[in-house]
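Line by line, the protein sequences are chains S and H. The first sequence begins at 1 in our numbering and counts up one residue at a time. The second sequence begins at 1001 in our numbering and counts up one residue at a time.
Worth double-checking, as some hints may not be accurate.
[What the hints assert, rightly or not] Straight line, CA to CA, 16 Å or less: simulated EDC-like cross-link-like pairs of lysine to aspartate or glutamate:
{"#": "1", "chain 1": "S", "residue 1": "K5", "chain 2": "S", "residue 2": "E68"}
{"#": "2", "chain 1": "H", "residue 1": "K1058", "chain 2": "H", "residue 2": "E1029"}
{"#": "3", "chain 1": "H", "residue 1": "K1006", "chain 2": "H", "residue 2": "E1050"}
{"#": "4", "chain 1": "S", "residue 1": "K59", "chain 2": "H", "residue 2": "E1050"}
{"#": "5", "chain 1": "H", "residue 1": "K1006", "chain 2": "H", "residue 2": "D1074"}
{"#": "6", "chain 1": "S", "residue 1": "K59", "chain 2": "H", "residue 2": "D1074"}
{"#": "7", "chain 1": "S", "residue 1": "K59", "chain 2": "H", "residue 2": "D1055"}
{"#": "8", "chain 1": "H", "residue 1": "K1061", "chain 2": "H", "residue 2": "E1029"}
{"#": "9", "chain 1": "S", "residue 1": "K63", "chain 2": "H", "residue 2": "D1055"}
{"#": "10", "chain 1": "S", "residue 1": "K59", "chain 2": "H", "residue 2": "E1057"}
{"#": "11", "chain 1": "S", "residue 1": "K63", "chain 2": "H", "residue 2": "E1057"}
Derived from the structure by calculation, the hints contain no laboratory data.
Okay, here's what each chain looks like letter by letter:
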Amino acid sequence: MMISKPIQQGLVWAGALIGTAILLKVAQASDLIGADAVTRGNQAVMGLTIAVYANFMTKEPAKIPPTERGGRMQAARRVTAWAMLVAGLVYAAVSLLAPHPFDLYLAMGAIGTAVVVSIGNAIRSLGGFKAK
Amino acid sequence: MNTVFKALADPTRRRVLELLRTRPMTAGELAEHFDFSKPTMSAHFAVLREAGLVDVEKSGKTVIYRIKLSVLEDALLGFAGTFGLGTRAKPGALAKSNALKKGIAS
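Generate coordinates for the entire structure from the input sequences, incorporating the hints supplied.
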C-alpha cells in the first residue's frame, strides 16, 4: 500500500512529537529535569509544529484561478500562513520562557490572535468578492 | 535549498514572483511585463519551476503559473528584493547559457 507524501511527512512529524515527549519523560524519571520543564518542552514542540506547518501551508497545491478573485484567495492564504507561523514561534518562545501561568495565557493569546487575523482577513476578502 | 537561492538571486525571476504574488498569471501575461525574448522567459520560468517556487498548470493552449512560496521563501524573497541581491543578466544570456549546458550534456 502506497502512503502519500503528506501522510508520510505527517507520520514522521507525529513520531518526532511522541519521541520528544518520551525523551522528556525519561529525562524527568532520571531526575535530569523537573515536571515543569517536561510541560514546557512539550508545549514548545507543539508551538514549533504549528510554525512548521504554517511555513509550508502556502506550498500546498491549490487550483487558484488566474483572476482578481484568485489573487485575493492567494493573499488570504499568505496572511494566514504568516500569522500562524509567527503565532507558533511566539507559542514556543513563551512556553519556554514566560513565567507560569502567564505562559499559557500568552501562548493561547498568540494562537487566538492568529486565528482572528486569519478569519478576519478571509471575511474581508470574501466581502471583496461580493463587491466585484 | 541551493536551487532556491539561485532562483531568487536574479532580479528578473524575483520580479516574476512579485507579479505572481498579486495573482496567478498565464505565461503570456507574465511575458508582457518584460522585454525579454520568449526563450529567455522560458528559461527563467524553468529555473523557478525547478526550485519549486512556482506551480505550472497547462489549460488547453495556455500555461498558468501560480506562486508556491513557503513563508521562509517569501521572507527570503522580500529580503533579496530589499537589498537588491544579484545582478540582472543580459537579455538572452540565460537562454544561451542553458543552450550551452544542453550542448555540453549531450
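Take the C-alpha atoms of K5(S) and E68(S), compute the straight-line distance between them, and say whether it is at most 16 Å. The hint is violated at about 31 Å.
Within a Cα-Cα threshold of 16 Å, do K1061(H) and E1029(H) meet the stated pairing? holds (14 Å)
Assess, step by step, whether the Cα of K59(S) is no farther than 16 Å from the Cα of E1057(H), and give holds or violated. holds (15 Å)
Within 16 Å, alpha carbon to alpha carbon, are K1006(H) and D1074(H)? holds (15 Å)
If you draw a straight line from the CA of K1006(H) to the CA of E1050(H), is it 16 Å or shorter? Answer holds: K1006(H) to E1050(H) is near 10 Å, not above 16 Å.
Check whether the Cα positions of K59(S) and D1074(H) lie no farther apart than 16 Å. Given pair K59(S), D1074(H) holds - Cα atoms ~11 Å apart, limit 16 Å.
Tell me if the straight-line CA distance from K59(S) to E1050(H) falls inside 16 Å. holds (14 Å)
Is the Cα-Cα distance between K59(S) and D1055(H) 16 Å or less? Within the cut-off at roughly 9 Å; holds.
Does D1055(H) lie within 16 Å of K63(S) when you go C-alpha to C-alpha? holds (10 Å)
For K63(S) and E1057(H), compute the direct alpha-carbon distance and say whether it is at most 16 Å. Cα-Cα ~9 Å, so holds.
Within 16 Å, alpha carbon to alpha carbon, are K1058(H) and E1029(H)? holds (14 Å)
When the structure is compared with the earlier hints, a violation turns up for hint 1 alone.
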